[in-house]
Each structure stands twice: as structure tokens, then as C-alpha cells.
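Enquirer: If you use this note's numbering, the sequence shown corresponds to residues 2 to 609, in order.
These are calculated hints, taken from the structure and not from any lab test. The structure presented is a predicted model; accordingly, all values stated were derived computationally and were not measured. Mixed in with the good hints there might be a few duds.
As a list, the in silico EDC-like pairs of lysine to aspartate or glutamate whose alpha-carbon atoms are at most 20 Å apart [unchecked claim]:
| id | residue 1 | residue 2 |
| --- | --- | --- |
| 1 | Lys583 | Asp491 |
| 2 | Lys363 | Asp563 |
| 3 | Lys47 | Asp10 |
| 4 | Lys356 | Asp283 |
| 5 | Lys363 | Glu68 |
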Amino acid sequence: MSYTAPIRDLAFAATELADLDGVSRLPGFEEATPELLHAILTEAGKFASEVLAPINHSGDQQGVRLEDGQTITADGWKDAYRQFVEGGWNGLAFDPALGGQGLPWLVSTAVAEIWHAANMSFSLCPLLTQSAIAAIESHGSEQQRATYLPKLVSGEWSGTMNLTEPQAGSDLSAVRTRATPAPAADADHYLISGQKIFITYGDHDMTDNIIHLVLARTPDAPQGVRGISLFIVPKFVADERGEWTVRNAVETVSLEHKLGIHACPTAVLQYGGGGDGGNGGDGAVGYLVGEENRGLMYMFTMMNLARHAVGVEGNGVAERAYQQAAAFAEARIQGRAADDPDGERVPIIHHPDIKRLLLLQKCRIEALRSLALVVAACMDHARHQPDEQARTRANEMLEIMTPIVKGYTTEVGLENVSLALQVHGGMGFIEETGAAQHYRDQRITPIYEGTTGIQAMDLVGRKLLHDNGAMTARVIAQIREECESLSGADSSATKAMATSLSNALNTLAETAKFLVTSAAKDPRLPAAVGEPYLRLWGVVACGWQMLKAAHVSEAKLKQEDDPFYRHKIQTAQFYFSTEIPKATALAKTTTTSLHITTEADISLFQVR
């Protein structure tokens, strides 16, 4: 169950593929050098392996509990969190004026993978806090930013997002939580009443306060998602002296019993169910963020950052599972080598099928890691790039790639964790080996922050159809332009990869055009094949990263014979031999299964 941060591979992806040098030329990021990145990753890896990884299994076994209205985390959790915030890890990407480190999201994302891999249940707390910071920083008032951001950035307080309710699920138009203006003439707040479910770290004992960002409706709000507003609802509100000691009317009704992430408290929260916030139990004190009825738009700031983070999380857990599978394969003695049937029994890592299972995991992890870091660099350029044209290009890449990083990475991450368990054979199905925990924990990632189907609808509906494919075509052209700039590679292997990727890009572009044409005839059709279309994008985008990795590695090998770069080329070749061919099949699925899906009568699914 040990964990070693893949520092060199993270640094390679950030520096060579995500262009750390270009990010460091953005205003405010001048200190983000490769040397600083390596130092930060080294310290993060040390903290992860010595503090977070050792409590991952015990936290899973112990879980969390609710006692007298207070959630108690697993042994070691509070101390680990204290060390985490004292180390300044919570505020890497935030403004130094707020107590942050002022580093690019590219650097912060590389570090975040380490937290997710070492201990997914723990890492979810800072993940949500950082998303809450982004929402308040972007849409809160000056007073709200001054009040909440310093303590959220430091990690003294944590944050949550409260979206769904029992009757709503992912359909936020069905949200019923109410926000009524406080009756006092000079009141600056609303009274929030309703119930929210699936609130990650909705209650815990690691921070002095929890800042909930809650979607609710004001009395005269229009129906549907256009009538949703966003509110800041602290667990504790300030007293007359400004001390945050008054318990707000937010009650933890229960904690969910889940398949995995047992050490992460997932709460059902009741607003207006009690407390002594001075409102007689009529509602919890909440403060409007921005304007009424624009809450869903504000929440998307938080959600999109969290979607990217969950993609990184999915790949991080896959990395941890891969490491454990590789170590098991080296230690497990079983069978004899195929080319020496009369020889000694050998570790299973010598068997071709085990090599295949490990190679498949490794090439996917490296590709998805690079893609997530490239998208993180796009975040930095979209926010800090002074050149308007470059900023627009980065933002369009970010728009297209966010649902892919979230949806494709988590789906493939789950497949990878399953492959890692398969390497263990029957031992993997036994809880004592620890392999099963990674599978259980990972299963939530394709569901978090909108299921894969919802990510696919975002990619098709908001990113493809809204402008008849124009932005999609521009992003494909960006990728093609970058790949064509790599055409000077010497080896026939890299040239073959470039040709394969060019063909896959053609297939992707043709499929996108087909969907635009199909939607004009029947708007149901793209929804029926959004998921294979998203997977097609994922396969091609990862091929883009693997081609770049091979090209850089070829150039590096001319300078030094380093096994790291030879391995990079091998994993790229394996990716192109096993994954890129799937582009053709996914395009076929996308373009031929439309009517079969939409025309299927629901009686087909009844058991007879």
C-alpha cells in the first residue's frame, strides 16, 4: 500500500508537453521554473508517502461517524490536515494577497495528482475548498472576498458545494431549497430552508468552520434553472464581536454509507432545521452571491474547476493502483517463462499477458496525465495571457477539453483500476491486499460533478452544436497545427504515429460534422451518441499527447541515452497500437447507432 510520487513523469509532462516555460512568461508566474516545480513535487511526494498514504487504508477501514450532530473523521485525519495547511499546500494556486502561493494551475494540478493518488478520501476536502474559493473570488462581493477567502485559502476553513436534493438528482431545475429575505429592515442576509444531499465534506471536525455554497430559490424566482441563486451559508456565523462562534441552522441529518471513499464524509444537510443563529429556526443565515437568479452560472465556475480536478483524481487513483499492481507482479511467483518451460518458476511480470495489462495502464496514465496538465496550462493562459488572440485560443481549448478530462479520464481510470485488480488475480478480490479499495474508491469519479453522460451532453450540446461546430473545428485545427510542427522527427516509428494521429483527427472532424448535420434533422440524435463521441475525443486527445512525448523523447535521446526516454517512446508506440485504432470504431458507433437508440421502445427494457 506504499506510494511513490511519479515526480519525473509529472515534471516531464508539465515542462515538455504542457509548456511550463510559456506559462512562466505570463504576468505573475515568473518564478514558476522547472527547478521550483521539481522542488515542490519532491516535497509533495514526501508528504504524500509519509503522511497521507499510510492512513489511506486505515481510513477506509474505520470510516467516519456522526456523534451528537458532529461528524468525526478517522484517526490521523485531523493531524494530517493540520500538517497539510501548515505546509501551505491548500493555497498553491491562489493570490498571495490572500495568503496563497501565487503559482500557476499547471503546478497546482501536478501536485494535486499526488494528493489524489496517495489518499483520495483526504484529497476531496481541499478539492472542494479550492473550488469554493474560485467561485467566491470570481463572483462574490468585495466584502465577501475579504471575509471568506483568506481563511479558505489558508485552509483554516473548508468549503463545499450544495447542489442537488432528493427529488432533483442532476436535474437542478427541480431544486426546492428556499431563500427568503430576512424580515429585519436592516438585514443583510436571507434565511435558507431545505435539504441537500451528497455533500462531500459537508460536515467534519478538521476545520473551525465550513463554508457551504448553496443553490436556492428566492420567493419570486422564475421556474427552472433560470430561477436559481447562489448563497454563502457558513456552519458558524459571527457574533456581535465578530467571532465565528454562533452555530447556524445547518444540521447534519446523516452520513451516506457508500461503496468507497469511506473516510470521506458525504452528508445530508438540513437547512433551517435548528441552530441558534438568531432566526428562530426559520432558516439558516445565508448571503447572496452576486445577483439573484444567476446562481447556476456562478456555480459553473466552481463546477468546471471541480470537473477538471475530478479527472486528475481519477487518473491519480489509477496511478496508485498501477504501482501496486506492478509491485505485486514483480513479487508474485507463478508459472514458468514461455520461452523456458522447464526452467524455474518466475514472477508473473515476465508473462506476456501481465506485461500487456501493465503497459495498457501505463500508457493511458501517462497520456491522461499530460492532457490534464495541458488543460491546466490553458487555465493559466485563459486568465493571465495578455494577448487576446492567444487567450481566446486557450479558452476554447479549455471549453472543449474540460468535459473530456472529466468524463474520459474517469472512465478510463476506472478501467485501469480494474486492470490493476486483474493483475492480482484472485488476490485482488480480497480486501486485505488493498487493490479492491482503489476500485471501490475510483467508482465514484465517473459520477461526481455530472455523470459521463452529462459531460457528453455538455461536449455535444454546449460545445459543438451551439455554433454549428465552429469552435470544435478551431480546436481540432489547433491540435493538428501543433502535431504538424512535429513532422521533423527522424524515426519511422514517430512518423507512423503522426500519420495515424492525422487520420484520427480527420475521423474526429468528420464525426463532429455528422453530428451537427444530424442534430438539424432530429435534436435527440446527438444525445444518443454523446458518450462514444466523448470517448472518440479522449482517444484522439491522448494520442496528441503521446505523439508529443515520443517526439520530445527522440530529441532527448540524441543528447543522452536515458532509459526514461526510451520507455516514453515504447509506451507511445503501445498507445498507438492499442488505443488509436479505437477511434475508427468509436466514430462508427457514433454515426450508426443513433436511430437504434432513439427509436428503442421502453418496453424493450422490461423483464419478461
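Enquirer: Would you mind marking each hint as holding or not holding in the structure?
Expert: Results for each hint:
As the CA atoms of lysine 583 and aspartate 491 are separated by approximately 26 Å, the hinted pair breaks the 20 Å bound. Using a Cα cut-off of 20 Å, the hinted pair lysine 363 and aspartate 563 holds, with the two alpha carbons roughly 18 Å apart. A hinted pair counts as satisfied when its Cα atoms are at most 20 Å apart, and lysine 47 with aspartate 10 qualifies at roughly 16 Å. With a C-alpha separation of about 62 Å, the suggested pairing of lysine 356 with aspartate 283 is violated against the 20 Å cut-off.
Only pairs whose Cα atoms come within 20 Å are accepted, and lysine 363 paired with glutamate 68 is rejected, the gap being roughly 43 Å.
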